[in-house]
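K.L.:
Here is what each chain is made of, one letter per residue.
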Amino acid sequence: MTELVPVLSATWGAEKSWSLDTYTEAGGYAPLKKALGMAPGDIIQAVKDSGLRGRGGAGFPTGMKWGFLPPDDGLPRYLVVNADESEPGTCKDIPTMMSAPHQLIEGVAITSFAIGCNHAFIYLRGEVVHVYRRLLQAVREAYEAGHLGTNIHGSGFDLDVTVHAGAGAYICGEETALLDSLEGRRGQPRLKPPFPAVAGLYARPTVVNNVESVASVPAIVDKGVEWFTAMGTERSKGMGLFSLSGHVTRPGQYEAPLGITLRELLEMTGGIREGHELKFWTPGGSSTPIFTQDHLDTPLDYESVGAAGSMLGTRALQLFDETTCVVRAVTRWTEFYKHESCGKCTPCREGTYWLTQILKRIEAGRGTEADIQQLLDTCDSIAGRSFCALGDGATSSIISSVKLFREEYEAHVTAGGCPFDHAASALFAYSDTPATEEAHA
Amino acid sequence: MTYDETTLAQLTEDAAAIIARYPVKRSALLPMLHLVQSVDGFVSPDGIQFCAEQLDLTAAEVSAVATFYTQYKRRPNGEYQVGVCTNTLCAVMGGDRIWDELSEHVGVGHDETTEDGKITLERLECNAACDYAPVMMVNWEFFDNQTPESAKQVVDDLLAGKDVAPSRGPAKVACFKDVSRVLAGFEDGRADEDQGAGAATLAGLEVAKSQGWTEASK
Ligand SMILES: Cc1cc2nc3c(=O)[nH]c(=O)nc-3n(C[C@H](O)[C@H](O)[C@H](O)COP(=O)(O)O)c2cc1C
Ligand code: SF4
Ligand code: FES
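Chains A and B supply the protein sequences, listed in that same order. Number 53 in our numbering belongs to position 67 of the first sequence; there are no gaps in the numbering. Number 1368 in our numbering belongs to position 21 of the second sequence; there are no gaps in the numbering.
Hints listed in this document are in silico derivations from the structure and should not be mistaken for laboratory results. Beta carbons: idealized from backbone N, C-alpha and C, even for Gly. Check before you lean on any hint, since a few could be wrong.
Stated by the list, open to error - Far from chain B, some chain A residues (derived; all Cβ distances over 10 Å):
1) LYS178
2) ALA293
3) ALA409
As the list claims (entries may be wrong) - Computed footprint of chain A on chain B, listed as stretches where at least three residues anywhere in the stretch have a Cβ under 8 Å from a Cβ of chain A:
4) 1378 to 1392
5) 1423 to 1429
6) 1433 to 1440
7) 1515 to 1523
8) 1531 to 1540
Just chain B, same shape as in the assembly:
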């Protein structure tokens, strides 16, 4: 492993905190792989070795798990993971077109990263936001009701080094490594940031209110 002393000490401390959450050590593997991505920006050979040592597994066992899951990247990922949902519903509502225009605009294809290391594009499967179709995710934050123009604007802003805000979520999108640290189960103090629940989330509630239907009225 080529981690310097400070990095290794921090990783070891974090790994211990993760392992302590579970009755059986091996359960810590998925969050630890997110942790590795928070340091290296992908599941690096060093990271695999580190997980293996911490959990008494072989590197092959760790690799076999890492390659099963799409969120674990085998190559250095862009600072921003930009995903367009092209599962059926989003695709039909315009996701296919958004993907085409965005991919052409950025000049990279699926699972490819721009030369400056800023952006990795990805075609996503359903991200559980179908009522906001077409959907785009940037570092796993929701960008709802997209058009080709809105999607390109987000990417242009990212390339220009500007902050971008999701439709639902925190005040700004954090970088891939910071988000990976949250996914390893470490709070970043941003849970209270909010962009509103979203019109579709509240759609039924609004109807019920306007009709005077409350569960208590029964």
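Chain A extracted, bound-state conformation:
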């Protein structure tokens, strides 16, 4: 049995967990002092050796990313923390920053010291105002305590931190779109290369890392590489937050070593809601191909999930039981991608529009057998042909669900409507009325 390992989440239940006092009492900011006594290169090496991989979705090795920065030329270089958390299903960074903002601020300080950055930014999605209050306060507290500012703890190292609120746009989570947005522009992805490591914020070398990646750094500095590598699997080291949502008895945040399985996690969540069984789930958010009961024992690490045909993504496990119509679920996700497509490239802008049209037709029972093939063909002209990964992500749930549940698409066509009772999926009782569909359309 794999055990949970509360590291980032360890203090979330404490009295005033978000305050500097609580964080310091639990040992916080000792790692910063330790790091300031190390050579920056040694910190980078330790993070490389730890095997920490980006927790924002793509899983790129964090230490290696830091190592890509060109040598210091005396001009600014930046750390930008990606706190945009908007991938459907993903809900781990928000509780982290709400309950323990100093965990992130300390990670920002150590990371900045390691990469030689004197001004770091935290780009927070704008739709979470209390999280912003907590971050603003935490940064102010950290300045007052001398953890930020000039000559931090006598080290000669200076660091300013700006917490910036976005304004509602999923695409701003894509790292280059985020940089454009932070520069005060429309959030649209940039052509790569050059990568942000070479020309990022204000065309200067920039590291963009996810909240959880950065927040994991203090523990690695504090407890050491061996401690971190003892958790996880061969190539997926350490712990991570697994966010379980949907038809599960106790949804929430479960911090566990990478490689834990859904079967194990379900034991801890009290299983799927009573009287029901798991039908399909996303391992890493709505941009990752869906899984079924057949994947209950797939180790949730980057390699195993990949080998099983999906992606670990952000460990956003959205679980749906047998009452759920897969066509309804996929249609709604697709409408999301259509809404959030930034419009920069044609395959995604036009493709997500057509996908939505076809899916809504099928869901409403007005589709044909040929529409199902048309869906797959349209996906073909988006995936791998779009300017950024949003386009690819839009096709994941469609392609995987047609493969796994084709008969359900066909049932909508032959029955001339949705064979499911939507009320049965809800967490409260009501009787379904056709008004639901109209109101949505």
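Dock chain B with the ligands against chain A, hints included.
P.N.:
The following block gives chain B with the ligands in isolation, referenced to the frame of chain A:
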């Protein structure tokens, strides 16, 4: 611009504070648009002009940015922005039904405001609270585990002029303009207000505790 002298002086002072946070001026644009909403309740033509002048941009450049982001409103917004998450997970757990009943109850549709200017309804995309589905947001505070009844009660209270408290967040929801000021990066002294971390946030921690699993036990 039609701002009176005091308003303009305050705006200018605030804009200077925002601009000072960034090495390059233009980065101040998003927080400044939140600032404009904190005064006008939406991104007004005056506000666009003001941002343009402060940042050496054209009004067209500012507009092009403002229209890209859903939090910036083109029409005067209600005092309370009430959003129901209807992304897949929340929708399936009941968000669709909540939206239908709420919209009928309030009598306005998506991105529409009640006649008295109290409430703007909105269908939201995932707000990073899926473990609390179905989710509703009022002025960007979390209302977790909603039902049609609980959602309607919140709205009735708002319409009756009563304070409402989120499930996670401060003691009461502030008005749209006040919240917009926070989003512009100005603290309002309410960070320590709290309604508890929330059961889902602590779910894993509770299991670990009851099993005696601590990271230190390794
Ligand atoms: C459409 C899209 C949305 C994304 N949203 C986020 C996000 O909200 N948070 C995040 O950390 N990464 C997000 N990413 C991934 C980032 O581009 C980037 O890989 C990540 O921030 C790097 O940090 P990491 O290496 O620490 O994971 C998104 C990517 C895409 C294509
Ligand atoms: S794939 Fe979509 S989101 Fe990405 S650049 Fe193209 S249009 Fe924009
Ligand atoms: S789907 Fe509603 S908060 Fe994530």
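K.L.:
Taking the shortest Cβ-to-Cβ distance between ALA409/A and chain B, state whether it exceeds 10 Å.
P.N.:
7 Å, violated
K.L.:
At least three residues with a C-beta closer than 8 Å to a C-beta of chain A: is that true for the stretch 1515 to 1523 of chain B?
P.N.:
holds (count 3)
K.L.:
Is the coverage entry for the stretch 1531 to 1540 of chain B by chain A consistent with the three-residue Cβ rule at 8 Å?
P.N.:
Result for this restraint: holds, n = 7.
K.L.:
Check the non-interface label on ALA293/A: least C-beta distance to chain B beyond 10 Å or not.
P.N.:
26 Å, holds
K.L.:
Are all beta-carbon distances from LYS178/A to chain B longer than 10 Å?
P.N.:
21 Å, holds
K.L.:
Verify this for me: three or more residues of the stretch 1423 to 1429 of chain B with a beta carbon less than 8 Å from a beta carbon of chain A.
P.N.:
Coverage by chain A is violated for the stretch 1423 to 1429 of chain B (0 residues, Cβ < 8 Å).
K.L.:
Examine the stretch 1433 to 1440 of chain B: at least three residues should have C-beta closer than 8 Å to a C-beta of chain A.
P.N.:
holds (count 7)
K.L.:
Check, residue by residue, whether the stretch 1378 to 1392 of chain B contains three or more positions whose beta-carbon lies closer than 8 Å to a beta-carbon of chain A, and give the verdict.
P.N.:
As far as the stretch 1378 to 1392 of chain B goes, the hint holds, because 3 residues have Cβ atoms under 8 Å from chain A.
Violated hints, listed in ascending order, are 3 and 5; each of the other numbered hints is respected by the structure.
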